[in-house]
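Asker: As a plain string of letters, each chain reads:
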Amino acid sequence: MAQLKVLIVDDEAGIRSGVARILNNFHVTYPFMDEDYTFSITEAATGEEGIEIIDRDMPDILLLDNKLPGIQGVEVLEYVRKKNFDIVVAMITSYASIDVAVRAHNDGAIDFIPKPFTPQELKTSLEHITKQLYLRRITNTLKVEGRKVRFQFLSVLSHELKAPLNAIEGYLRMMQERQLGDSLDDYASAVERSLQRIESMRNLIMDLLDFTKVSFERHLENMQEISLSDLVSMAIVTVSPYAIHKDISFNTDIRHCGKIWADPNDFEIILNNLISNAVKYNRVGGSVTVTVDCSEDEFTVSVADTGIGLNADEREMLFEEFSRIKNEKTRNISGSGLGLSIVRKVVELYHGVIKVESEPDRGSVFTVIIPKMQVTNIQS
Amino acid sequence: MVKNSFTVLIADDDPDYLFQVAFYLRKAGYEVVAVESQAEAEQVIQKMKPDIAVFDLMMESDDSGFILCYKLKRRYPDVPVILATAVARETGVTFGLSSEQEREWIRADLYLEKGVRPEQLDQEIRKLLKL
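From first to last, the protein sequence lines stand for chains A and B.
Under this note's numbering, the first residue of the first sequence is numbered 1, with each subsequent residue one higher.
Under this note's numbering, the first residue of the second sequence is numbered 1, with each subsequent residue one higher.
In case anyone wonders, no lab produced these hints; they're calculated from the structure.
Cβ coordinates follow ideal geometry from the N, Cα and C atoms, glycine included.
One or more of the hints may lead you astray.
As the list claims (entries may be wrong) - Far from chain A, some chain B residues (derived; all Cβ distances over 10 Å): (1) Asp16; (2) Lys27; (3) Val32; (4) Asp63; (5) Leu112; (6) Lys130.
Stated by the list, open to error - DEER-style ranges, computed between Cβ atoms: (7) B:Lys49 / A:Asn265: 49 to 59 Å; (8) B:Arg75 / A:Asn140: 30 to 40 Å; (9) B:Gly29 / A:Met234: 34 to 44 Å; (10) B:Gln123 / A:Ile198: 42 to 52 Å; (11) A:Glu316 / B:Gln46: 20 to 30 Å; (12) A:Glu199 / B:Gly29: 32 to 42 Å; (13) A:Leu165 / B:Arg75: 29 to 39 Å; (14) B:Gly29 / A:Asn140: 53 to 63 Å; (15) B:Arg75 / A:Met317: 22 to 32 Å; (16) A:Ile138 / B:Arg26: 49 to 59 Å; (17) B:Lys130 / A:Ile244: 24 to 34 Å; (18) B:Leu128 / A:Leu165: 23 to 33 Å; (19) B:Gln120 / A:Asn106: 50 to 60 Å.
Chain B extracted, bound-state conformation (with noise of 0.2 Å):
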């Protein structure tokens, strides 16, 4: 399997962490782009297309990740996306989506506990991609 052909886009806020998965991704042979916040994801989108996307929810806002899933859906709906969502699922805070259409394309692939091992990652990566 031939994976460098593919380009994961990262965004997390948590520079250790991005750094790390980052890391380990590129060993196991990907293309990654690491971004560390909202803002800079959304300028890579719109310049280029990804094979997968994996997205912190809280960085500059609450929802951040969310916000990212709507506007990458929206451009790419074919490209897969993990959610890591450690605080939604502690905190039990609701997200209000406003319109039907928001509804549709805030759905992410999945839903990972932040903080998953990136072995674990490049796994849950390779499913997505049916690779």
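Next up, chain A with everything else stripped away, as it sits in the complex (with noise of 0.2 Å):
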């Protein structure tokens, strides 16, 4: 139970006392709110007081007669307004005229209640004014949060873009200085390690592109029927150069289960992610199984590798933004911290789930569950 605040100013004292009697026992609830709310009243009897109430004591709802001995009711809308206080303001009264109901409206009043009005009346505007503000606060911490978010993944950012970009200059001013020797040979690894970092730095780019895309950009367009048998071919193709080269093999256990109704680049996004990993988190030797299966009602995907595998407090972060899992396993291993979060998003665009089951030093299984009712229902 959460209780609003309503200051009501007018300066019939019966109508103070009406409404007070009224929203005294009222509670207003909806689906959608986390509790229901009840009122408390305070009144005031002019303008000058009702704004003394308001610097005082932030009431939640201003509910305000326009014809006031002193300043108008629309003077006190004018300075909420002016301070940028967080009040939903409705007018009461019963010389609304078109003109102090346009001004009224400008500044924010978002209700008119006439006077005289009855007890369901009044009742039925609170509810409304209720609502209002309730979804009014909730853009609002939503839209810091958002910003907050935003702030933070970019300072991570620009910290990734830095790092390799302070190791080039740091070579090349020791080129610069001829800090290393006279000849090229000197600088072999010097260069080798800039090469690296460029490398590194553009896949973070690549993955950067891929993340924007997921976030921002939908096309329904792209929608097509695909088949997840082909695009794990793919994939395991893309993959193969580094896979021959770390000498590990591929095992698939494919079940034929139709098509699937997505933009293909999602898919992609995700199968190249996780079967890339599954090579790059490899043992020299080792094995990627992918498999996928379907029941009636949803596509499982699962890629398993033989590699390093990650603990309890690993799992947990895997999923985050640039939480790349740092120890002496994955030293030696570039990546952006990117991937994984990319392909979480991708998969709650579809409506799925993606898990990870893992053991240090055994290996890890991703899996990927995506309902087969939701595909066809794709937000955009």
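Both chains are given apart, each in its own frame, so use the hints to dock them into the complex.
Answerer: Written as structure tokens, this is what we have:
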């Protein structure tokens, strides 16, 4: 049960006590709200007194008569708007000329309660106002949180992009100052390392592009019937040069599941990331097993490796953005820390889930489950 | 001034940055112990007392640098520590320190922008060692 503070500003004592009486036993409930709202009432007889109470007590809802002895209701409203207070205002008035209504509306009054009103009319208005207030506050909270998340993302990103630049700049300065010797050969490893840093930076930028695509662009015209087994084969072909290099073999166990209605780019992102990770974090001579299965309601794709595995803490943070697992075993493996967070985003777009089972030094199994019925109903 | 009697412990998980800083500091005459992780740095601290330490903030965990500060200062209160904290400043990440004692210890002597030029690092080290 939450309580909203209502301030009623009206010069007629009878109206004030009437409103107080009606609202004291009234509560508002909606299915989407976490809790019911009740009301506590404060009264003011003039606009001046009202402003004093607003400054002191900051009500949530202001019920405002326009015709007041001193300053007018619309002036109180203007005060609230100028100060940017988070108050929802409704005008109560019998003199609601068009002029007043327009002015009040422009200053953010969200409702008009004509005088005289029945208890039911007041309650209906209050329900409406409470819903508005609730939505407005939720929206504000979400906006602030969104900004925070974006800010954090960008600052970590800038750090991730600066680190390779610093490293490369450092090597170039060493060359410029001939710190390692006069022969080009003395700089072979500096050049090699610089090239590697450039390569990983390029990968980061590519992942970043995937990431923004997934976050913002959905094109329904890209949706088509695709075959998971084809996409699995393609992903394996893409990663095979690297797999051959590490002597890693592939096993596939693909049940024919019919077609899936999806954007092929999305499933390429999922499969390429999972399969290339399975190679990247595998041991030399290991294997990767890709399984595609389906039941009546869902598709299941799992990718198992025989690699370094993950402990419980690492599993926990795995899908967060820029959360690279840093330990002795991953030290020489480059990655942007974005791949799995992208995969999760894509999977969620299809109302699916991604799970991981893993044991350090034994390997990991990533399983993606996509509901069949949802596949035709992708959010755009 | 005889710098080579001074040992600098550097921990940074960027192998290139580590290599470059270690190279310049050795050239400038310091004895350098360079490690790539918090775990290795902790082992070093167990075995020897450096004259000064330079820690990256984010290594195995986001607060590796702070943990190292804490452990080093607890063991050797007189050893100055430089913390490379670009990330903390940029993200505005705040770090929860649970006890008064931790707050007391986790005070680095200097916070530096990561990617600082090696010459500048040398200067800051000299200041802290009062050379």
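Asker: Indicate, hint by hint, whether the structure satisfies it.
Answerer: Against the structure, the hints come out as follows:
{"no.": "1", "hint": "Asp16", "result": "4 Å, violated"}
{"no.": "2", "hint": "Lys27", "result": "7 Å, violated"}
{"no.": "3", "hint": "Val32", "result": "15 Å, holds"}
{"no.": "4", "hint": "Asp63", "result": "13 Å, holds"}
{"no.": "5", "hint": "Leu112", "result": "13 Å, holds"}
{"no.": "6", "hint": "Lys130", "result": "28 Å, holds"}
{"no.": "7", "hint": "B:Lys49 / A:Asn265: 49 to 59 Å", "result": "56 Å, holds"}
{"no.": "8", "hint": "B:Arg75 / A:Asn140: 30 to 40 Å", "result": "48 Å, violated"}
{"no.": "9", "hint": "B:Gly29 / A:Met234: 34 to 44 Å", "result": "57 Å, violated"}
{"no.": "10", "hint": "B:Gln123 / A:Ile198: 42 to 52 Å", "result": "30 Å, violated"}
{"no.": "11", "hint": "A:Glu316 / B:Gln46: 20 to 30 Å", "result": "29 Å, holds"}
{"no.": "12", "hint": "A:Glu199 / B:Gly29: 32 to 42 Å", "result": "35 Å, holds"}
{"no.": "13", "hint": "A:Leu165 / B:Arg75: 29 to 39 Å", "result": "35 Å, holds"}
{"no.": "14", "hint": "B:Gly29 / A:Asn140: 53 to 63 Å", "result": "58 Å, holds"}
{"no.": "15", "hint": "B:Arg75 / A:Met317: 22 to 32 Å", "result": "29 Å, holds"}
{"no.": "16", "hint": "A:Ile138 / B:Arg26: 49 to 59 Å", "result": "58 Å, holds"}
{"no.": "17", "hint": "B:Lys130 / A:Ile244: 24 to 34 Å", "result": "58 Å, violated"}
{"no.": "18", "hint": "B:Leu128 / A:Leu165: 23 to 33 Å", "result": "27 Å, holds"}
{"no.": "19", "hint": "B:Gln120 / A:Asn106: 50 to 60 Å", "result": "57 Å, holds"}
Hints 1, 2, 8, 9, 10, 17 from the list above are not met by this structure, while the remaining hints are.
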